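Trainee: If you want the building blocks of each chain, they are given just below.
Protein chains: 4
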Amino acid sequence: MELNEKLLQQVITPRPIESHKGTYGKVVLIGGNEQFGGAIIMSALAAVHSGAGLTTVVTDPNNHVAVHSHLPEAMVGDWTNKETWHSAFEDADVLLIGPGLGTNQQSLALLQFTLTNQTKKQWIVIDGSALTLLATHSLALPYPEQTVLTPHQMEWQRVSGLNLDEQTQEHNQQKQQELGAFLVLKSHQTTIYGPKGNYPNPAGSPAMATGGMGDTLAGMIAGFLAQFPKNEKTISAAVYLHSFIGDQLAKEQYVVLPTQISKEIPKWMHYFSQK
Amino acid sequence: MELNEKLLQQVITPRPIESHKGTYGKVVLIGGNEQFGGAIIMSALAAVHSGAGLTTVVTDPNNHVAVHSHLPEAMVGDWTNKETWHSAFEDADVLLIGPGLGTNQQSLALLQFTLTNQTKKQWIVIDGSALTLLATHSLALPYPEQTVLTPHQMEWQRVSGLNLDEQTQEHNQQKQQELGAFLVLKSHQTTIYGPKGNYPNPAGSPAMATGGMGDTLAGMIAGFLAQFPKNEKTISAAVYLHSFIGDQLAKEQYVVLPTQISKEIPKWMHYFSQK
Amino acid sequence: MELNEKLLQQVITPRPIESHKGTYGKVVLIGGNEQFGGAIIMSALAAVHSGAGLTTVVTDPNNHVAVHSHLPEAMVGDWTNKETWHSAFEDADVLLIGPGLGTNQQSLALLQFTLTNQTKKQWIVIDGSALTLLATHSLALPYPEQTVLTPHQMEWQRVSGLNLDEQTQEHNQQKQQELGAFLVLKSHQTTIYGPKGNYPNPAGSPAMATGGMGDTLAGMIAGFLAQFPKNEKTISAAVYLHSFIGDQLAKEQYVVLPTQISKEIPKWMHYFSQK
Amino acid sequence: MELNEKLLQQVITPRPIESHKGTYGKVVLIGGNEQFGGAIIMSALAAVHSGAGLTTVVTDPNNHVAVHSHLPEAMVGDWTNKETWHSAFEDADVLLIGPGLGTNQQSLALLQFTLTNQTKKQWIVIDGSALTLLATHSLALPYPEQTVLTPHQMEWQRVSGLNLDEQTQEHNQQKQQELGAFLVLKSHQTTIYGPKGNYPNPAGSPAMATGGMGDTLAGMIAGFLAQFPKNEKTISAAVYLHSFIGDQLAKEQYVVLPTQISKEIPKWMHYFSQK
Numbered sequence: 001m002e003l004n005e006k007l008l009q010q011v012i013t014p015r016p017i018e019s020h021k022g023t024y025g026k027v028v029l030i031g032g033n034e035q036f037g038g039a040i041i042m043s044a045l046a047a048v049h050s051g052a053g054l055t056t057v058v059t060d061p062n063n064h065v066a067v068h069s070h071l072p073e074a075m076v077g078d079w080t081n082k083e084t085w086h087s088a089f090e091d092a093d094v095l096l097i098g099p100g101l102g103t104n105q106q107s108l109a110l111l112q113f114t115l116t117n118q119t120k121k122q123w124i125v126i127d128g129s130a131l132t133l134l135a136t137h138s139l140a141l142p143y144p145e146q147t148v149l150t151p152h153q154m155e156w157q158r159v160s161g162l163n164l165d166e167q168t169q170e171h172n173q174q175k176q177q178e179l180g181a182f183l184v185l186k187s188h189q190t191t192i193y194g195p196k197g198n199y200p201n202p203a204g205s206p207a208m209a210t211g212g213m214g215d216t217l218a219g220m221i222a223g224f225l226a227q228f229p230k231n232e233k234t235i236s237a238a239v240y241l242h243s244f245i246g247d248q249l250a251k252e253q254y255v256v257l258p259t260q261i262s263k264e265i266p267k268w269m270h271y272f273s274q275k
Numbered sequence: 001m002e003l004n005e006k007l008l009q010q011v012i013t014p015r016p017i018e019s020h021k022g023t024y025g026k027v028v029l030i031g032g033n034e035q036f037g038g039a040i041i042m043s044a045l046a047a048v049h050s051g052a053g054l055t056t057v058v059t060d061p062n063n064h065v066a067v068h069s070h071l072p073e074a075m076v077g078d079w080t081n082k083e084t085w086h087s088a089f090e091d092a093d094v095l096l097i098g099p100g101l102g103t104n105q106q107s108l109a110l111l112q113f114t115l116t117n118q119t120k121k122q123w124i125v126i127d128g129s130a131l132t133l134l135a136t137h138s139l140a141l142p143y144p145e146q147t148v149l150t151p152h153q154m155e156w157q158r159v160s161g162l163n164l165d166e167q168t169q170e171h172n173q174q175k176q177q178e179l180g181a182f183l184v185l186k187s188h189q190t191t192i193y194g195p196k197g198n199y200p201n202p203a204g205s206p207a208m209a210t211g212g213m214g215d216t217l218a219g220m221i222a223g224f225l226a227q228f229p230k231n232e233k234t235i236s237a238a239v240y241l242h243s244f245i246g247d248q249l250a251k252e253q254y255v256v257l258p259t260q261i262s263k264e265i266p267k268w269m270h271y272f273s274q275k
Numbered sequence: 001m002e003l004n005e006k007l008l009q010q011v012i013t014p015r016p017i018e019s020h021k022g023t024y025g026k027v028v029l030i031g032g033n034e035q036f037g038g039a040i041i042m043s044a045l046a047a048v049h050s051g052a053g054l055t056t057v058v059t060d061p062n063n064h065v066a067v068h069s070h071l072p073e074a075m076v077g078d079w080t081n082k083e084t085w086h087s088a089f090e091d092a093d094v095l096l097i098g099p100g101l102g103t104n105q106q107s108l109a110l111l112q113f114t115l116t117n118q119t120k121k122q123w124i125v126i127d128g129s130a131l132t133l134l135a136t137h138s139l140a141l142p143y144p145e146q147t148v149l150t151p152h153q154m155e156w157q158r159v160s161g162l163n164l165d166e167q168t169q170e171h172n173q174q175k176q177q178e179l180g181a182f183l184v185l186k187s188h189q190t191t192i193y194g195p196k197g198n199y200p201n202p203a204g205s206p207a208m209a210t211g212g213m214g215d216t217l218a219g220m221i222a223g224f225l226a227q228f229p230k231n232e233k234t235i236s237a238a239v240y241l242h243s244f245i246g247d248q249l250a251k252e253q254y255v256v257l258p259t260q261i262s263k264e265i266p267k268w269m270h271y272f273s274q275k
Numbered sequence: 001m002e003l004n005e006k007l008l009q010q011v012i013t014p015r016p017i018e019s020h021k022g023t024y025g026k027v028v029l030i031g032g033n034e035q036f037g038g039a040i041i042m043s044a045l046a047a048v049h050s051g052a053g054l055t056t057v058v059t060d061p062n063n064h065v066a067v068h069s070h071l072p073e074a075m076v077g078d079w080t081n082k083e084t085w086h087s088a089f090e091d092a093d094v095l096l097i098g099p100g101l102g103t104n105q106q107s108l109a110l111l112q113f114t115l116t117n118q119t120k121k122q123w124i125v126i127d128g129s130a131l132t133l134l135a136t137h138s139l140a141l142p143y144p145e146q147t148v149l150t151p152h153q154m155e156w157q158r159v160s161g162l163n164l165d166e167q168t169q170e171h172n173q174q175k176q177q178e179l180g181a182f183l184v185l186k187s188h189q190t191t192i193y194g195p196k197g198n199y200p201n202p203a204g205s206p207a208m209a210t211g212g213m214g215d216t217l218a219g220m221i222a223g224f225l226a227q228f229p230k231n232e233k234t235i236s237a238a239v240y241l242h243s244f245i246g247d248q249l250a251k252e253q254y255v256v257l258p259t260q261i262s263k264e265i266p267k268w269m270h271y272f273s274q275k
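Residue numbers (the working numbering), protein chains in the order written: chain A, 1 to 275; chain B, 1 to 275; chain C, 1 to 275; chain D, 1 to 275.
Wrong hints could be hidden among the right ones.
Note that the list lumps identical chains together, so a pair holds whenever it fits in one copy or between two copies.
[Claimed, not checked] Once the Cα atoms are required to be at most 30 Å apart in a straight line, the calculated DSS-like pairs of lysine-lysine come out as:
1. K196 to K251
2. K233 to K263
3. K263 to K82
4. K267 to K251
5. K251 to K21
6. K267 to K21
7. K121 to K233
8. K21 to K175
9. K275 to K120
10. K230 to K82
11. K275 to K21
12. K233 to K82
13. K251 to K230
14. K175 to K230
To be clear, the hints were calculated from the coordinates, so they are not data collected in a lab.
Just so you know, these numbers come straight off a predicted model, no measurement behind them.
One chain only, chain A, in its complex shape:
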């Protein structure tokens, strides 16, 4: 498999006429503490614009108004309320935990709850501080084959134990095999590691080197998994499209904002679905 426009055409297929919002999956996003509320908002913008059927953001109640200011299309859940956790999670197709989650007791409790309650039909994307918590507390993944880890290099060091200079393709692949989860290792050249091999992302540019870009990517992966076959190809298509759109915007911008990427998703998904 190569990450290119052809892959996008294969994954982003025209939608069936007889379908409804349930057809395109339910995404639950967990993150956004008092300081980092923007992170989960960026993930939600990405998931909704990617075409997830229903999107719920479980976050600190201080962030609810800002979520709705950006995205009335999303539902919100109060992450201090355990009843919310149960009701939000039970119907979910894809869970994304981590953007702006933080690393305190509350964050840890949410991650543990999520991993404990993940069901066989649910996929999970683990990003940001949830990766740090995963490493620090040596938490086990209940369904590694339905799990996507999206660390940047420092987070990968924590999860894998590999120092930055040990993070060779070979070592990373080996660690991926041990963990069993899909790995999206973010750097100036993001690479996807799966059970069958690894796939470097040829797209992307330094114009995308700004805070929140990873939160947007995680939201896109969640949105893609919600509606397309849950596999390596779909994950890879989300990664490539994220960078592809960044590259389009970087033709005219010195820096590309994460929220700008999200707004362009529907147009480019249409483009590749028609080719």
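For this one, chain A is given, so just place chains B, C and D on it according to the hints.
Mentor: Chains B, C and D in isolation, oriented as in the chain A frame:
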């Protein structure tokens, strides 16, 4: 009657010169609990962009700031305050209840109040969780001939008692006759059922299969009823325009966001008013 | 004087090179209770886009976040805090009171404070519920010749004692003479009454008949008075430009939203300043 | 050195391929009390759009939602919480303090903390009310050669002791030498004073004479210092680009809003990086 562009031309007539905001009706929207505040915001965006003269959103106070961030054009009312209910309702021409309403005691009390206080001059649109409450609590419609129900198929099952596979055109029409209310039954092919027959909506696409699309439709129906003759034709025009705009946007987008539909309404209403 | 494009060219002159934000005046807007916060936001959007040098919104603290979500350019003041009143008012060039003010004790206290503390160098625009309070409590205008009243016909009935069918040009002019304030009487054909005569507004259309249009107009008048000579011509130019922009937008829209008008102001002011 | 397009080409160089958000620096913005929250939002918009890698806004908690409504890309910190101060500051490359800071005890404590904790590797931009506090309390600059002061003429009077009519080029330069900090003295013709001389800004127009323009400039200087060499040239490039963009917008607008400038930054930085 057929749902087509001609219908839009008939309903969306040029506005009389000697008119003021009162001429175009007062809409009161009731919904939006702590979790689902976005739903009533989307309805309000649709009502205002459809041309309702005055729009008030009676919702959980946690949603007031988000309503105003989207729409300073709307007024807000605190739904925990019974005085608000009275003052907001007494001048209303059209009531819309349900988007994001929830199904707890507060939601039920609001629905009961609304149905009890509806007057002969007011129309009501009942959507979302208000339909579930209507079914669960066997509430009566005071003025069924001035009532529009906008269920999706699962909600219609609750209201009508018809299982999904029993929801044939014939059965639906029969139930509509029993209830006496107008029925907008949402599916991949929405159909309107009225006393004189039923009318399938030929427009719409799977790009519109995303959360909030129904809230937007309900807001458009309310906005249309506020300013145009209160009848089947007007309801049908709102349904068709909603899908028509979705189809225009779907020419360039893989997924169409509900809030994008609302922003396009003034342009397309102008287009059809001039033909 | 006639309200036309020539008037706009006369009033909207090119800005002097040696100037700073203080040159273009300080506007203080007072209004926006818990229900009607959107009204004062719309006035503020209009004042800032009209070119007021500094704009402060004294409003219910519940509205502060929504003000800043629309307009970080504006400062906010808590209207429950009397110290705010003093500090906000002392430097103001133009005061606008009324949009969304409401009519309770707090509203009355604010209006009384404003009228009591108005200085010889300050102009005041009185709109919306402040007009109702003015009439109900028979409040006196300290500087009528520096006062602009912007009632719609029902509010004018309260202020003038003239019933709707008595509001002839002659009667209105007579009342204006008695009151001494400038009168902008809003209807489908708004007319300005001043000491030297009255001037009907030939522009405007029913596409503008939607809630908040008057709040926007009031904000424009305040913004114009802040930076241009404080007289009848400047008031009239604001009234005409408001309708002119509405007419431009109505060429493509069935309904024109007040906030859309505000966004167009800088472009059209530039246009007329260059002619 | 002259402030012109050539300078922009020299400073705004193409980004290295092998880079990440850390490469482009961490900016911490401190300001925004209950009344002036918009000021720090405008600074943050400028810093993020200028390409700062990571941006944190330490502000009154009342402003957090409005920050995120504009800019989910930014992180927020509660300025009433001293732990926040420490954690936010320790990794910062550039500190900006002052926009909307106010002058009460809390404001003073924040400024004192900032000056006390500034490290040898950090630059600081001091703007708005922080300049007033600096003057009133005769605070010392720990690293004047890594400090940028951005007063308007009244603030400069407070800091330098020079009355408006004493603010000649010669006197200003002399005071700059005494203080040792870079000086961006804002007026209708902003001038930069550094150890090697002074540089008038030929760009800018009275369309930019509106509240918040200085907050935007301060944010741009911080964003530029975060990613480009920390020197006089970089400061000057930010000043010139700010006015240059204002001039572009003023070709079509009578008044230019500060937030409009920020949105144009990525496009123009791209333009000059490619020349």
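Trainee: All the hints need checking, so say for each whether the structure fits it.
Mentor: Hint by hint, here is what the structure shows:
In this assembly of identical chains, K196 and K251 lie within 30 Å of each other by CA distance neither inside one copy nor across copies; the values are 34 Å within and 37 Å between. In this homomeric assembly, K233 and K263 come within 30 Å of each other (Cα to Cα) only inside a single copy, at 23 Å, whereas the closest approach across copies is 35 Å. Taking the shortest Cα distances, K263 and K82 never come within 30 Å of each other, neither inside one copy (33 Å) nor across copies (37 Å). In the homo-oligomer, the alpha carbons of K267 and K251 lie at most 30 Å apart both inside one protomer (17 Å) and across protomers (9 Å), since each shortest distance falls under that limit.
Taking CA atoms no more than 30 Å apart as the test, K251 paired with K21 passes between copies only; the shortest distance there is 19 Å, against 34 Å inside one copy. In this assembly of identical chains, K267 and K21 lie within 30 Å of each other by CA distance both inside one copy and across copies; the values are 19 Å within and 27 Å between. With identical chains, the CA atoms of K121 and K233 are at most 30 Å apart within one copy only, with a shortest distance of 18 Å there and 45 Å across copies. For the homomeric pair K21 and K175, the shortest alpha-carbon distance between copies (26 Å) is at most 30 Å, but the shortest distance inside one copy (37 Å) is not.
Taking the shortest Cα distances, K275 and K120 never come within 30 Å of each other, neither inside one copy (34 Å) nor across copies (55 Å). Taking identical chains as interchangeable, the C-alpha atoms of K230 and K82 lie at most 30 Å apart only when both belong to the same chain, with a minimum of 28 Å there against 45 Å between chains. In this assembly of identical chains, K275 and K21 lie within 30 Å of each other by CA distance solely inside one copy; the values are 24 Å within and 34 Å between copies. In the homo-oligomer, the alpha carbons of K233 and K82 never lie at most 30 Å apart, since the shortest distance is 35 Å inside one protomer and 47 Å across protomers.
Taking the closest pair of Cα atoms, K251 and K230 come within 30 Å of each other only across two copies (27 Å); inside a single copy the shortest separation is 32 Å, beyond that limit. Taking the shortest alpha-carbon separations for K175 and K230, only the intra-copy value of 22 Å comes in at or below 30 Å, while the best inter-copy value is 41 Å.
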